[in-house]
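Quick note, the sequences are listed as chains A and B, same order. Positions 1 to 116 (the working numbering) are the ones given, in order, by the first sequence. Positions 1 to 113 (the working numbering) are the ones given, in order, by the second sequence.
It should be emphasised that the hints constitute simulated quantities derived from the structure, not laboratory data. C-beta: ideal position from N, C-alpha, C; glycine also. Treat the hints with care, since some could be wrong.
Simulated crosslink set (SDA-like; lysine to any residue; CA at most 20 Å straight-line) [claimed, not checked]:
(1) A/K41 / B/E9
(2) A/K41 / B/A10
(3) B/K3 / A/S43
(4) B/K63 / B/F46
Distance windows between CB atoms, simulated [to be verified]:
(5) B/K59 / A/D27: 17 to 27 Å
(6) A/K14 / B/N53: 48 to 58 Å
(7) A/K14 / B/T20: 43 to 53 Å
(8) B/P82 / A/K20: 31 to 41 Å
(9) A/G61 / B/L70: 26 to 36 Å
(10) A/P86 / B/D67: 39 to 49 Å
(11) A/V3 / B/N53: 29 to 39 Å
(12) A/F28 / B/G96: 25 to 35 Å
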Amino acid sequence: GAVVSQHPSRVICKSGTSVKIECRSLDFQATTMFWYRQFPKQSLMLMATSNEGSKATYEQGVEKDKFLINHASLTLSTLTVTSAHPEDSSFYICSAGGGPYNSPLHFGNGTRLTVT
Amino acid sequence: SQKIEQNSEALNIQEGKTATLTCNYTNYSPAYLQWYRQDPGRGPVFLLLIRENEKEKRKERLKVTFDTTLKQSLFHITASQPADSATYLCALEESGGSYIPTFGRGTSLIVHP
Chain A
1 GAVVSQHPSR VICKSGTSVK IECRSLDFQA TTMFWYRQFP KQSLMLMATS NEGSKATYEQ
61 GVEKDKFLIN HASLTLSTLT VTSAHPEDSS FYICSAGGGP YNSPLHFGNG TRLTVT
Chain B
1 SQKIEQNSEA LNIQEGKTAT LTCNYTNYSP AYLQWYRQDP GRGPVFLLLI RENEKEKRKE
61 RLKVTFDTTL KQSLFHITAS QPADSATYLC ALEESGGSYI PTFGRGTSLI VHP
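This is chain A alone, in the form it adopts within the complex (with noise of 0.2 Å):
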């Protein structure tokens, strides 16, 4: 089955810094991948949607110049948190698949980062 791996699964980071998340589908091609958002007890938000070879497309109410997302290839996605704040601490996860022919998402399995 569809395979997307996630990296790395916890960081821990002081606040003002840089945190760099990847996501890879590791054994088919994914022209759009999906990065969300999860606290605790919380539904999945979804946060932006990256797609190769162009920019991503953000939800309301995310900030693009403090989530960056590349999607440089058709397996790889990263989401860089730019200067990192206490309150930006969260389950972040990515998923590929989906689309018009009701193919269900293949999620990574998240990255837990806190900021201290």
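With chain A fixed as given, assemble chain B onto it according to the hints.
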């Protein structure tokens, strides 16, 4: 406003019983509805998809029903096992939408041995 509602309280059941989880929605015209399983600290895993013109879908011990009149989907796990303990998320995508499903907050299932 659009809402997807899943019970926020955990469902506790005894091993061997059937677990039934509910997903209600308002102000959506879903093209399809999906169910995912999420374990703590992990990403969701796809389980089943049911389309708007389907009443029921089965996969091994899992069964999903979809009632567009009641605006509700039920997710059943028969002969439940402690290993079924997890959070179960429903997600739906609207007809004519962006092909990106919207997720409910999930319901935690705890199966006691």
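| Is 25 to 35 Å a correct range for the gap between the Cβ atoms of A/F28 and B/G96? | holds, 26 Å
| said: Just to be sure I understand the hint, the distance between the Cβ atoms of A/K14 and B/T20 should be within 43 to 53 Å; is that true here? | reply: The hint (43 to 53 Å, Cβ to Cβ) holds, given that A/K14 and B/T20 are roughly 46 Å apart.
| request: Starting from B/K63, check that the Cα of B/F46 is at most 20 Å away, please. | output: holds, 14 Å
| query | Keeping to a limit of 20 Å between CA atoms, is the pair of B/K3 and A/S43 held or broken? | reply | Roughly 12 Å between the alpha carbons, so the hint for B/K3 and A/S43 holds.
| request: Starting from the range 48 to 58 Å, see whether the pair A/K14 and B/N53 falls in it by beta-carbon distance. | output: holds, 53 Å
| said: What's the verdict on A/K41 and B/E9, does the C-alpha distance respect the 20 Å limit or exceed it? | reply: holds, 10 Å
| So does A/P86 sit 39 to 49 Å from B/D67, Cβ to Cβ? | holds, 44 Å
| query | Is the hinted range of 26 to 36 Å satisfied by the C-beta distance from A/G61 to B/L70? | reply | holds, 32 Å
| query | Should the hint that B/P82 and A/K20 are 31 to 41 Å apart at their CB atoms be regarded as holding? | reply | Between B/P82 and A/K20, where Cβ atoms are some 38 Å apart, the hint holds.
| Is the Cα-Cα distance between A/K41 and B/A10 20 Å or less? | holds, 11 Å
| said: 29 to 39 Å was suggested as the range; check whether the CB atoms of A/V3 and B/N53 agree with it. | reply: Since the Cβ atoms of A/V3 and B/N53 sit about 31 Å apart, the hinted range of 29 to 39 Å holds.
| If you check the beta carbons of B/K59 and A/D27, does the distance land in 17 to 27 Å? | 22 Å Cβ-Cβ, so the 17 to 27 Å window holds.
In this structure, every one of the numbered hints holds.
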